[in-house]
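Peer 1: Take a look at the letters that make up each chain.
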Amino acid sequence: MVPEAALVIGALFVLTLDLAFGRRRSLESRLYLAVITGTAAVVAAMYGAFSSGLAGSVFGGALILDELTMATRLGVLVLAWITLTLAGSTARLRHPAEFVAIVLFATAGFTLMAAAQQLLVAFVALELASLSLYILAGFDKSKPESAEAALKYFLFGGMSAAFLLFGFSLIYGLTGSIELHEISAHLAGHPPTPLLSVALVMVLVAFGFKAAAAPFHLWAPDVYEGAPVSSAALIASASKLAGLTLFVRLLWPGFGPGAGNVSTAAGAPGWLAIVACLSAASLLLGNLAALAQSNLRRLLAYSAIAHAGVMLLGVIAAGDAGNGPLFYYVFTYGIATVGAFGVIAVIERTSPCQRITDLAGLYRRSPLLTGCLAIYILSLAGIPPLAGFFGKFTVFAAALNLGGVAGPAGWLAILAIFLSAVALYYYLVILKQALVVAPTAVTSSDPVTNPITVPADAAIVLVFAALILVVLGLFPSFVLRIF
Amino acid sequence: MNALPLTIYVSFAGALLALAAGTRSHAAARWIALVSALTSFALTLLAASSFAPSPGLQTIIDLPWIAELGIRYHLAADGISLTLLVLTGLAATVGVLFSWNIEHRVGEFFALYLTLIGGVFGVFLSADAFTMFVFYEIAIVPKYFLIANWGSPVTREHAAMKLVLYSFAGSALVLAGLLWANAAAVAHGSVSSFSLNDLAAAATHFSRGEQIGLFALVFTGFAVLAGMFPFHTWAPTGHVAAPTAASMLLAGVVMKLGAYGCLRVAMPLFPVGLAFWQPTIAALAIIGIFYAGFIALVQDDFKFVIGYSSVSHMGFVLLGLAAANATAVAGAVLQMFSHGVIAGLLFAVVGRMVYERTHTRQLADLRQLPLHRLLPFAALTFVLAGLASMGMPGFSGFPAELTILIGVWKTSPVWALFAGGGILVAAAFTLRAIQVSFFGSIPLSRVVASGSELTHAGSLHHYESITLAEKVGTALLLAATVYIGLKPDVLLDWIIPALQSPFMQAALKGGSL
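Protein sequences, first through last, are from chains Y and V.
Numbers given in the numbering used here equal positions in the first sequence, counted from 1, plus 1133.
Numbers given in the numbering used here equal positions in the second sequence, counted from 1, plus 21.
Incorrect hints may appear among the rest.
A partial selection of chain Y residues facing chain V, derived with a Cβ cut-off under 8 Å [what the hints assert, rightly or not]:
id: 1; residue: Pro1517
id: 2; residue: Ala1530
id: 3; residue: Ala1554
id: 4; residue: Gln1566
Quick caveat, the hints were computed from the structure, so don't treat them as lab data.
Positions of the beta carbon are idealized from the N, C-alpha and C atoms, including for glycine.
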């Protein structure tokens, strides 16, 4: 619990400091103070996550400290650190300390989600994270879009939480336990009942929401578009990573006996079949809808939906290949997404950045941002030697190893490979604006042609994120070896 | 031999340096690019001079890379790869010379250019399918930016996107095939590995259906890049829209990546599939030779003539591969080299020497100009390159196409007869292009007098003279095509032993199943 404690104490400390000393200072210095304190808390949490080691089940089985927990916690903390730093140098907030504190609360929720191995703890952790994220989505009170994003996110999220809780209560009723391994043992010993199917479907609805998988994706484009950039970045990256870890732990160690089989065409029914359907729907809908977008953030949202399809494929394969491919994929995806949002945030300091065409001429305005953006986007597109490529490669390899092309898992992998050629189109549309098209200014004072100054701390984290993508792409064993 | 991997690293390092230097000095970026390309070229020649032909790939580096999936960083070379490495070094050097006059975003241009070159070197050196695929994709993306940024204004964005999506769709097919092959190998009890040798060994246990499906995926994926009919349409539009150096590289080297992938991966790994698909590939190759040739015959745009001629000539390469006997495949590799050089020459004349001076590529406009008087060097070069392209003895096209035809005859005389007809079509469209573009029937005096928009009297005599860089580049390419035309044995002595290795023999056996 050290990381969670560090984060919560850090959050409270941020608030206290701001109350005590922030009164008479400028917004900017209050933000810096909050971000520095928050970063210290995140670093302390990283140390805590690292030093708590691989102790196995702790707190009477409520939490588990295994490789997946450690990797997810560190991954989430890195993503939160990047988000915080970007917020510090780019956000114009009226309540900086509250923003940082809520980011820290959300992060505490994420690290708890990474370790939860009991239905109740899982639910509480998820809610801690979700409630914080709802607030973050609506943090920009000056923009109606932000309020819309928060409301949509909250309504969908609340509904999916209700489904999840209902599903959990049914599972508790069926198995008499909230411990994952006892649930698993019970399910293995008893034939599946229709009620179990209902319960699993309800859990998967909440999973679909968290992963932004079609058809539970409707919140994603609006939230990505309307929420403040740093909040959107956190929702798109760290929240995804924690959510995938939570659900892959629920599904495989918990409900594994009800998985069924999708490696052959005539496999046994189970929740895998539903996940496979969600995956196919996300791949198709995300990639095809992204083709039609003209708003950069909505494009990123649809690309996130498409990526969710691959992540679900990773969940399917995780039963056989372990969590390594899935974690690698989600983590590197998170880094690339946080980076892309970071670039948007830095641009927005100078000129608006909503439409894809707002990127026009970026290569003249800031070569650094252009280079970083190219790395993030090409990683999302899955171009080697960047990490996004190997992520796809290892997930597809794991899915095909389930049964070759004899079953839905293999077909999904083939579908995803072909759709990656479709995806390259819309990623290149982004890069075309940034790297090829010259800026078009209506007047000479138009900010769209001004050079962009990148704050030093933002530059450092953006380059750091780009480096992670290159290094992990070249040496994926660094991550895979953990599992 | 052991220095060959340096070609990859030198190219990538050159790319970074050119990018860094380009912000300050255009000249520095150019010289960095030239030094980098020349170093690679010298390294390939050095390796060639001490090369002892032997069957099988000679391993240069073999390191574990991603142990979890059995992926190794395995670089190796044999006579086939060496032939193509020399070609790449030559084309890279000449390409830099022909882009010496680029003034817009010079550092970025050469950075992308050298990245592409590094990827190409990597593909030709890889003996592990994963390593090869990584380099293959590295070679794809720069093409988009090269064409979209520096291509001809109207069509460049469309053409760049089309070209890259075709290439990427092809590589998606390859990726699907490789992953499926790996999964099937694991299912048949092998350890997960992407080494070409291991995959080939495992593939002998695959069912006939698996072999046929896998061959179709991998071969089609690579053949897209080789310009196989009906997946060739990216090639003419892409070549035409690209800046000269990129056209030279695309037609000269990148299309060879596709053919090399077919030869190195698809054929040896899945010989049963090859046997099944052999007639189809041959038919598509012959259709490609004629179809592209006939289209080239009626083009109005000079560069489109060359673009389609590339597709037509690559048809010979694919036909040689489809025949799958030692002679035909050796001829195909020779044709890869030969076409790489000749296509480079043709694009250099059309894109750099003619277009950048006359600012038109329309044959109807060029006909109005007595170009043989105005640009005699370009005219001479184009005539020589055209002769080489038609397969005139004394140039490299002749031994290459002849070897292919002899080999194809062994497999099927009917195919050889058809393909022989294709040479006539090539002669027809090349002669037409020479005649119309350079030897327009209107005499100089009348042109000056008519004072049309294109030829207003002042500009006629003010065509910038052919620069030294262009002359050196032309001389290098001409020397290569004449040298190989007179002494094809130099390359065949490398290629034929390479085909004797058990690995490549599997491919050739597939052809006679």
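Peer 1: Kindly indicate which numbered hints from before are broken by the structure, ordering the numbers from low to high.
Peer 2: Per hint list: single violation, 4.
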